[in-house]
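Peer 1: Residue-level listing of the chains:
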Amino acid sequence: AQTVTQSQPEMSVQEAETVTLSCTYDTSENNYYLFWYKQPPSRQMILVIRQEAYKQQNATENRFSVNFQKAAKSFSLKISDSQLGDTAMYFCAFMRGETSGSRLTFGEGTQLTVNP
Amino acid sequence: SQTIHQWPATLVQPVGSPLSLECTVEGTSNPNLYWYRQAAGRGLQLLFYSVGIGQISSEVPQNLSASRPQDRQFILSSKKLLLSDSGFYLCAWKPLPVLNTEAFFGQGTRLTVV
Chain H
25 AQTVTQSQPE MSVQEAETVT LSCTYDTSEN NYYLFWYKQP PSRQMILVIR QEAYKQQNAT
85 ENRFSVNFQK AAKSFSLKIS DSQLGDTAMY FCAFMRGETS GSRLTFGEGT QLTVNP
Chain C
2 SQTIHQWPAT LVQPVGSPLS LECTVEGTSN PNLYWYRQAA GRGLQLLFYS VGIGQISSEV
62 PQNLSASRPQ DRQFILSSKK LLLSDSGFYL CAWKPLPVLN TEAFFGQGTR LTVV
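As you go down the protein sequences, you meet chains H and C in turn.
Sequence positions in the first sequence follow my numbering and run 25 to 140.
Sequence positions in the second sequence follow my numbering and run 2 to 115.
Source of the hints: derived by calculation from the structure; they are not laboratory data.
It is possible that part of the hints are untrue.
Said to hold, decoys possible - If you anchor each label on the Cβ, the simulated ranges turn out as follows: (1) H/Ala25 <-> C/Ser85: 21 to 29 Å; (2) C/Glu60 <-> H/Asn82: 26 to 34 Å; (3) H/Pro33 <-> C/Arg111: 19 to 27 Å.
To be verified - Residues from chain C shown here face chain H by an in silico Cβ test under 7 Å; the list is partial: (4) Leu45; (5) Leu47; (6) Tyr50; (7) Glu103; (8) Ala104; (9) Phe106; (10) Gln108; (11) Gly109.
The beta carbon of each residue, even a glycine, is placed where N, CA and C say it ideally should be.
Working from the sequences, and respecting the hints, build out all of it.
Peer 2: This is the structure:
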């Protein structure tokens, strides 16, 4: 079974600063996908960024980027130029690839607060 | 475009009462469907998933059940609610068998069992 670990229950950052959220996972699979979801106070789950395990290049979406270290099974999220609207719970998630019924396994989340 | 609808948004039910939460997806066919539960300030726990009509897989033993009577309809039920069933329930869908895609979530149902 796959497990996802987020070791930082809470983090804070000043507006315009950069912050990195950590995530490690455990799997014996070789084909999988990793995701970061954001859950603001509305509790709507919003995809932030995704990474395919077979791609060596780290994914980037505007101010959000990941550091994917496959051998170390590490998948951290870097938020640059933090904005007040980035305040949310952030979840790291794992999904096996190419199988019917693939489902997301989530970490426990990191509550990020961006301070003005 | 695809959309997911989940209702009701909030629900307060007495212990021992039945439960029915409904989720429907529009704009796609034969999706994977999921029910997750989220305790306060915690991660998401997968309860059930379905790859087709009438096909339900349960991830954890519990007081709840799920059904998929139609291709794009997923229902979470209970015959008798327990206090421990309180939580935030999220329905999600994923295209099948498209690769390289995330799951899309509904807006959730906040259930309080009193």
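Peer 1: Of all the hints numbered above, which does this structure not satisfy? Sort the numbers upward.
Peer 2: none
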